[in-house]
Amino acid sequence: MNFGCAGDPDIKNCAFCGEKVQIADKLMVDREIIHKGCFNCCYCGAKLQAGNAAMEQSFFNRYGPRWYCAGALGNCALVPVAQKDAKLKERGLNVKKTVKAKK
Numbered sequence: 001m002n003f004g005c006a007g008d009p010d011i012k013n014c015a016f017c018g019e020k021v022q023i024a025d026k027l028m029v030d031r032e033i034i035h036k037g038c039f040n041c042c043y044c045g046a047k048l049q050a051g052n053a054a055m056e057q058s059f060f061n062r063y064g065p066r067w068y069c070a071g072a073l074g075n076c077a078l079v080p081v082a083q084k085d086a087k088l089k090e091r092g093l094n095v096k097k098t099v100k101a102k103k
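Last residue of the sequence shown: 103 in UniProt numbering, with the numbers rising by one and none dropped.
If you're looking for bench data, these hints aren't it; they were derived computationally from the structure.
Watch out, some of these pointers could steer you wrong.
Derived BS3-like pairs (lysine-lysine); straight-line CA-CA distance at most 27 Å [unchecked claim]: (1) K47 x K87; (2) K89 x K47; (3) K47 x K12; (4) K26 x K84; (5) K36 x K26; (6) K36 x K89; (7) K20 x K47; (8) K47 x K36; (9) K20 x K87; (10) K84 x K36; (11) K20 x K89; (12) K36 x K87; (13) K26 x K47; (14) K47 x K84; (15) K36 x K20; (16) K36 x K12; (17) K12 x K26.
Taking the hints into account, I'd like the entire structure generated from these sequences.
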């Protein structure tokens with residue numbers, strides 16, 4: 001009798017850092033899979049919570065998903081885009097992480 005063994009789970013890469021995300025460390029935010037530890041404000045570095053974070057959509061194509069404090073956690077989401085962009089460059093988060101294709 002087979003009880004539906006799923007085999008190895010499909011392990012995805014973190015949309016933020018590009019590293020593999022194990023099931024126990026997986027968080028899905030705005031349809032993006034990330035490490036729980038990667039879900040921090042890209043402006044002030046504060047730990048974020050679902051419902052109190054906002055993604056900067058204008059950065060998505062250049063840098064990938066970047067989240068900011070919103071609501072009860074703070075107002076970094078309201079900081080002008082130019083300041084957010086400068087902070088990303090200062091913190092070294094200005095490059096979209098990509099995974100090399102398998103040969």
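Evaluation of the provided hints:
1. K47 x K87: 17 Å, holds
2. K89 x K47: 20 Å, holds
3. K47 x K12: 22 Å, holds
4. K26 x K84: 26 Å, holds
5. K36 x K26: Judged against 27 Å, a Cα distance of about 6 Å means the pair holds.
6. K36 x K89: Roughly 23 Å between the alpha carbons, so the hint for K36 and K89 holds.
7. K20 x K47: Measuring from Cα to Cα gives roughly 20 Å; hence the hint holds.
8. K47 x K36: 9 Å, holds
9. K20 x K87: The given pair, whose Cα atoms are some 26 Å apart, holds under the 27 Å limit.
10. K84 x K36: 22 Å, holds
11. K20 x K89: Holds - the C-alpha atoms of K89 and K20 are around 24 Å apart, at most 27 Å.
12. K36 x K87: 22 Å, holds
13. K26 x K47: Holds, because 15 Å separates the two Cα atoms, which is no more than 27 Å.
14. K47 x K84: 17 Å, holds
15. K36 x K20: 12 Å, holds
16. K36 x K12: 14 Å, holds
17. K12 x K26: Roughly 9 Å between the alpha carbons, so the hint for K12 and K26 holds.
In this structure, none of the earlier numbered hints is contradicted; all agree with it.
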